[in-house]
Amino acid sequence: MIQNLRNLLKYRGLIQSLVVRDLKARYRGSVLGFFWSFVNPLLLLLIYTFVFTVVLPGMHPKELEPYALFMFCGILPWTWFSSSLLEASGVLISGGNLIKKVLFPAEVLPIVTVLANMVHFFLGLPILLGFLIYFRHPLNITDLAWFPVVVFTQLLLTVGLALIVSALTVHFRDLKDLLANLMTLWFFATPIIYPMQLAARTGEGLSKRVLDLNPFTHLAISYQEILFYDGPFGHWRWLLALLVASAALFLAGYALFDRLRDSFAEGV
Amino acid sequence: MSSIAIDARDVTKVYRKFAHRKQFATIKSALLSGSLVRDLRPEETFAALKGISFQVPAGCTYGIIGRNGSGKSTMLKCVAGISRPTTGSVTVTGRVSALIELGAGFHPEISGRENVFINGIMLGLTRKEIARRFDEIVEFAELEDFIDAPVKTYSSGMYMRLGFAVAIHVNPDVLLIDEVLAVGDEGFTHKCLDKFGEFRRRGKTVLLVTHSLALVERFCDEALWIDGGLAGAHGDPRRVVGAYITDVEKREERALAAADATAQEHAASEPVDQPAISDPVAAAGAPDDGFKASEGRWGSRDVEITGVSLIGEDGQPGHVFHSGEVVTIELSVTAKHPVTDFAFGIGLFSADGICCYGTNTDIADLKSVELTGRGTARFVIESLDLVEGTYKLDAAVHKRDGFAYDYHRQLYTFRVKSRTKDVGIYRPRHRWEFSPSVRLSPRGL
Chain A
0 MIQNLRNLLK YRGLIQSLVV RDLKARYRGS VLGFFWSFVN PLLLLLIYTF
50 VFTVVLPGMH PKELEPYALF MFCGILPWTW FSSSLLEASG VLISGGNLIK
100 KVLFPAEVLP IVTVLANMVH FFLGLPILLG FLIYFRHPLN ITDLAWFPVV
150 VFTQLLLTVG LALIVSALTV HFRDLKDLLA NLMTLWFFAT PIIYPMQLAA
200 RTGEGLSKRV LDLNPFTHLA ISYQEILFYD GPFGHWRWLL ALLVASAALF
250 LAGYALFDRL RDSFAEGV
Chain B
0 MSSIAIDARD VTKVYRKFAH RKQFATIKSA LLSGSLVRDL RPEETFAALK
50 GISFQVPAGC TYGIIGRNGS GKSTMLKCVA GISRPTTGSV TVTGRVSALI
100 ELGAGFHPEI SGRENVFING IMLGLTRKEI ARRFDEIVEF AELEDFIDAP
150 VKTYSSGMYM RLGFAVAIHV NPDVLLIDEV LAVGDEGFTH KCLDKFGEFR
200 RRGKTVLLVT HSLALVERFC DEALWIDGGL AGAHGDPRRV VGAYITDVEK
250 REERALAAAD ATAQEHAASE PVDQPAISDP VAAAGAPDDG FKASEGRWGS
300 RDVEITGVSL IGEDGQPGHV FHSGEVVTIE LSVTAKHPVT DFAFGIGLFS
350 ADGICCYGTN TDIADLKSVE LTGRGTARFV IESLDLVEGT YKLDAAVHKR
400 DGFAYDYHRQ LYTFRVKSRT KDVGIYRPRH RWEFSPSVRL SPRGL
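From first to last, the protein sequence lines are chains A and B.
0 is the number of the first residue of the first sequence in numbering that gives the first Met the number 0; add one for each residue after it.
0 is the number of the first residue of the second sequence in numbering that gives the first Met the number 0; add one for each residue after it.
For the record, the hints were derived by calculation from the structure and aren't laboratory data.
Incorrect hints may have been included.
In silico lysine to aspartate or glutamate, EDC-like type, Cα no more than 20 Å apart, as pairs [stated by the list, open to error]:
| hint | chain 1 | residue 1 | chain 2 | residue 2 |
| --- | --- | --- | --- | --- |
| 1 | B | LYS194 | B | ASP259 |
| 2 | B | LYS398 | B | GLU432 |
| 3 | B | LYS49 | A | ASP21 |
| 4 | B | LYS194 | B | GLU108 |
| 5 | A | LYS23 | B | GLU108 |
| 6 | B | LYS151 | A | ASP21 |
| 7 | B | LYS398 | B | ASP340 |
| 8 | A | LYS99 | B | ASP340 |
| 9 | B | LYS49 | A | ASP257 |
| 10 | B | LYS194 | B | ASP226 |
| 11 | B | LYS420 | B | GLU248 |
| 12 | B | LYS416 | B | GLU324 |
| 13 | B | LYS190 | B | ASP226 |
| 14 | A | LYS9 | B | GLU128 |
| 15 | B | LYS420 | B | ASP400 |
| 16 | B | LYS398 | B | ASP301 |
| 17 | B | LYS49 | B | ASP226 |
| 18 | B | LYS335 | B | GLU324 |
| 19 | B | LYS398 | B | ASP351 |
| 20 | A | LYS99 | A | ASP211 |
| 21 | B | LYS416 | B | GLU178 |
| 22 | A | LYS99 | B | GLU100 |
| 23 | B | LYS398 | B | GLU248 |
| 24 | A | LYS23 | B | ASP147 |
Could you build the full structure based on these sequences and the hints that come with them?
Set out below in C-alpha cells:
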C-alpha cells in the first residue's frame, strides 16, 4: 500500500492531464464554454437571493444579512463535496474500459473526479469574493490564512470518501442511487442553509451534539467564519481535529481501495 | 539474448461465476438473505488458466494461439498486469505496452491531439516524450487533417489507427498484442506489420495473441497453444500450429457429426411429407425447383435411406476432408418390398445453397432392374476438387420420374480443408506454365 501511495506521486502528470481533460470536455460544445463555471454559481447565488428576499423574507435570523451570501459560503464547498461523491460512485464503472484494457491505476479516476470538482469550486470563489466585497463584508487576513487548511481538510475527506464509494459501488451498484438520497439528507443535516447558532441557541431541530458528529458541519462553519462572519476564526480546534480524522479516513479509504483493486477488472 | 523477458510460472486464474445470484448483487438482497459476506466470496468458480508456465527470452517474438475462450487473453492480461493471477506469478522485465483495446482511454469530446497526449501519458510516456513523437504518431495514423477534430467525429478506422499509433510509439521493451494487427485497410495493416518487424529487429520482445495462424508461422520464433486453460504444445511455431490445426479439425469433425445427427433426427421426427404422396409431381419437382436451400426429408419410404456416410482416404467415415482427397459417399438403403423403378441421386451444395454438382443413376444412364431388401450404393469422388469451405449433401432414392421414395435434403454437412486459400467453389486440377521470360519461384514461409 505504501508503495502504491508513492506511485500516486508518479501519476501526478496523468492526474493533471485527466483533470484538464475533464474540464475541457465538460463544456465542449456549449456556447459559453468554460464561462459556465463562473455563471453557474452566479445564477445559484441570484436564485437564493431571490428566494430569501422576495419569496421567503423574514425566515432567517436578522443578524445574518445578506442571508443568500451566508448560505452561499456553505453551498459552494458542499457542491464540490457532493458532486465529487456522486460522480465518484460511477467513475470506475464508466471507466471500465481503462481498468479492463489498459494497465491503469484505478485510484486515479476518483481522485480526478474530486480534483475536477475542486477546480469548479475555485472558479466559484471569485464570484463569492466579489459579492462579499460588494456587501462590504470585511475579510480578515489572518482568517484567510486558515482558508487553505479548510480546503485541504475537505480535499482529504472528500478523496477518502470518494475512494470508498467508488470501490464499493463496483460490487454494490445500489450505492449510486442510495448515495443520491443520502447526500440530500446530509445536506439538510449540515448547517448550510441554517446557522449553527440556531441549533445551539434554540434547541429546535437537530441538536448541537448531532450536528457536531457530522464532519461537514465543521467545514461549513469554518467557511462561514472565515468568509462571512466578522471576528477571529474560533473554530480552529474542531478544524484541526477534523484534519487529523480526514487524514486517517483517507488512509483507510485508500487501504480499502487497494484491497479491492484486484476485483475491479472483473467487477466493472 | 539469454535473459528472460517474460517469466510466467504456474499461472492460475480463477474467475467467479455470477450464476448463483442475479447479475448484480444488491445490498438489500445481500442483507435480507444475510449473504453479504458469502456473496463476496466466490462460490462457483471458473478456472480460465490452470497452471500455465512459459518463458519468453528477451528479443523473442512469442505467439499464443488457441480457440475462443481458451484463456489466451486472460494470459495476456496477467502478463500486462491488468489482472493478477490467482496463484502463480508473472515476472516481466522492462517497460510493457499492451495493445489490448486500441484507444481504450480516448475521450470522445476532445480533440485527437489532446487524446494522443492523455493516452500516451496513460501508457507511461511523459508529456515531453509525446511531444517529441507527436508528428510521427500523427503521420503513422494518417490523420494529419483531422488531428484537431474531436475524436467522436472519427470513423472507427480512424479511431483504431490513432489508438494503434500511440500504443506502438510508446517504445516498450515488451509489447503485448491481442489480435489488433487487423486494423485499417490493407495499406495500414502492412505498415503495422512493418513496425512490428522493426520491433523484432531492434531486439524487443513481442507477445502476440492471435487467431491468424499465418502470422504466427511467419513472425514468431516460438509459439504456445493454450487449450481450455492448459498449455498444449509449445516450441517451434509450425509444429504448434500443426498440432492446433489437427485439433481444430477433430473438433469440427465432432461438431459436424453432432449437427448432422440433430438434423437427421429432426427430419425423421417430422411426419412423412404429405405433398410427396398426394402430389408426386410437386415432390418430383422438389430437387429441380432452383435448388432451394432448405433442409428436410420427404418421400413414401418404400425404399428408405438408413444411413449416409462420407468416407475419406483413410477408409473411416468423417466430416472433414482435404481438397483433392478421394471421398466416397455411401448410401445404405432398405426396400420394404422389391422395386424395379428406382434411381439413386446425389447433390452437393455450398454453404450458401448453390448447387455444386447433382446427378443420379438415371442421368448416368444406369437403368434400374431390381432392388430387394438391404443394399448399399457408393458414389466415389476420385478427387474432391472443391475449395475450402462447408458443404451440404443431398442423398435420395426416387423413381425415374422423380417420385421420391426417400429424399434427404441437405441433411449432411462436411467441411473441405485446404492449405491454399483460393476462392470460388470448384478447384479444377491445374498447374501453371510460363514462358522462360516469366520467372517465378516458390515462396518460402
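To see whether the hints hold, each was checked on the structure:
Our distance criterion of 20 Å between C-alpha atoms is broken by LYS194(B) and ASP259(B), whose separation comes to about 46 Å. This hinted pair does not check out: LYS398(B) and GLU432(B) have alpha carbons roughly 47 Å apart, beyond 20 Å. Distance check on the hinted pair: LYS49(B) and ASP21(A) sit about 41 Å apart at the alpha-carbon level, beyond 20 Å; violated. A threshold of 20 Å between alpha carbons decides the hint, and for LYS194(B) with GLU108(B) the separation of about 30 Å lies outside it, so the pair is violated.
A distance of roughly 9 Å separates the Cα atoms of LYS23(A) and GLU108(B); the hinted pair therefore holds under the 20 Å criterion. In summary, the hint linking LYS151(B) to ASP21(A) is supported, as the alpha carbons are separated by about 15 Å, within the 20 Å threshold. Proposed proximity of LYS398(B) and ASP340(B) is supported: the alpha carbons are some 5 Å apart, at most 20 Å. Using a Cα cut-off of 20 Å, the hinted pair LYS99(A) and ASP340(B) is violated, with the two alpha carbons roughly 68 Å apart.
Proposed proximity of LYS49(B) and ASP257(A) is contradicted: the alpha carbons are some 26 Å apart, above 20 Å. Note on LYS194(B) and ASP226(B): the hinted pairing is violated, with a Cα-Cα distance of about 30 Å set against a maximum of 20 Å. This hinted pair checks out: LYS420(B) and GLU248(B) have alpha carbons roughly 17 Å apart, not beyond 20 Å. Restraint check: the Cα-Cα separation between LYS416(B) and GLU324(B) comes to about 10 Å, which is no more than 20 Å; the hinted pair holds.
With a C-alpha separation of about 31 Å, the suggested pair LYS190(B) and ASP226(B) falls outside the 20 Å cut-off, and the hint is violated. A hinted pair counts as satisfied when its Cα atoms are at most 20 Å apart, and LYS9(A) with GLU128(B) qualifies at roughly 16 Å. Of the supplied pair hints, the one linking LYS420(B) and ASP400(B) is violated, its CA atoms being roughly 41 Å apart against a limit of 20 Å. With a C-alpha separation of about 11 Å, the suggested pair LYS398(B) and ASP301(B) falls inside the 20 Å cut-off, and the hint holds.
For the suggested pair LYS49(B) and ASP226(B), the alpha carbons sit about 10 Å apart, so the restraint of at most 20 Å is met. For the hint linking LYS335(B) to GLU324(B), the alpha-carbon distance of about 35 Å lies beyond 20 Å, and the restraint is violated. Restraint check: the Cα-Cα separation between LYS398(B) and ASP351(B) comes to about 28 Å, which exceeds 20 Å; the hinted pair is violated. Pair hint LYS99(A) plus ASP211(A) does not hold up; C-alpha atoms about 42 Å apart against a cutoff of 20 Å.
Of the supplied pair hints, the one linking LYS416(B) and GLU178(B) is violated, its CA atoms being roughly 23 Å apart against a limit of 20 Å. For the hint pairing LYS99(A) with GLU100(B), the CA-to-CA distance comes to about 9 Å; that is within 20 Å, so the pair holds. Restraint check for LYS398(B) and GLU248(B): not satisfied, since their Cα atoms lie roughly 38 Å apart, outside the 20 Å limit. For a cut-off of 20 Å, the pair hint linking LYS23(A) to ASP147(B) stands: about 14 Å separates their Cα positions.
Violated hints, in rising order: 1, 2, 3, 4, 8, 9, 10, 13, 15, 18, 19, 20, 21, 23; the structure is consistent with all others.
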